[in-house]
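Visitor: Sequence:
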Amino acid sequence: MRVTEKCDVYSFGVVSLEVLMGRHPGEFLSSLSSSLSSNQADLLLKDVLDPRLEAPTGQLANKVVSVFTLALPCTNDNPDSRPTMNFVAQELSSHTNSSSL
4 MRVTEKCDVY
14 SFGVVSLEVL
24 MGRHPGEFLS
34 SLSSSLSSNQ
44 ADLLLKDVLD
54 PRLEAPTGQL
64 ANKVVSVFTL
74 ALPCTNDNPD
84 SRPTMNFVAQ
94 ELSSHTNSSS
104 L
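Residue 4 is where the sequence shown starts when you use this note's numbering, and the numbers rise one by one after that.
It is possible that some hints are incorrect.
No farther apart than 16 angstroms at their CA atoms in a straight line, the calculated lysine to aspartate or glutamate pairs in the EDC-like style are these [to be verified]:
{"#": "1", "residue 1": "Lys49", "residue 2": "Glu21"}
{"#": "2", "residue 1": "Lys9", "residue 2": "Asp80"}
{"#": "3", "residue 1": "Lys9", "residue 2": "Asp83"}
Pair ranges (Cβ atoms, derived) [unchecked claim]:
{"#": "4", "residue 1": "Phe90", "residue 2": "His27", "range": "23 to 31 angstroms"}
{"#": "5", "residue 1": "Pro54", "residue 2": "Asp83", "range": "31 to 39 angstroms"}
{"#": "6", "residue 1": "Leu95", "residue 2": "Thr60", "range": "15 to 23 angstroms"}
Treat the hints as calculated values from the structure; they're not laboratory data.
Positions of the beta carbon are idealized from the N, C-alpha and C atoms, including for glycine.
Start from the sequences and build out the full structure, keeping to the hints where you can.
Guide: Quick look at the structure:
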């Protein structure tokens, strides 16, 4: 296996999802990729977040959704379909500067 920037992007996505979910997202990602009808918009925050934590509300919930929607494409099975780490860093920076992340 050749280690590339896209491997780093994938790792970022997995670690981000693991933090949000409180467990490794492997089964979750497998169910997404195996379901032809799955859609990010159909996912409910309460269904993917770590159940040991209180559900976020308001602006915090928006920030969690932003991280989740940024992390998910990072785990795409096709490395060429993943965003670049530069794009991910810019998105995180812009969300942080605008107080939306």
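Visitor: Look at each hint and say if it fits the structure.
Guide: Results of checking the hints against the structure:
1. At roughly 15 angstroms between alpha-carbon atoms, Lys49 and Glu21 fall within 16 angstroms of each other, so this suggested pair holds.
2. A distance of roughly 11 angstroms separates the Cα atoms of Lys9 and Asp80; the hinted pair therefore holds under the 16 angstroms criterion.
3. The suggested pairing of Lys9 with Asp83 holds, with an alpha-carbon distance near 8 angstroms, which does not exceed 16 angstroms.
4. At about 24 angstroms, the beta-carbon gap between Phe90 and His27 stays in the expected band of 23 to 31 angstroms.
5. At roughly 34 angstroms, the beta-carbon separation of Pro54 and Asp83 lies within the given 31 to 39 angstroms, and the hint holds.
6. With their beta carbons about 22 angstroms apart, Leu95 and Thr60 fall inside the hinted range of 15 to 23 angstroms.
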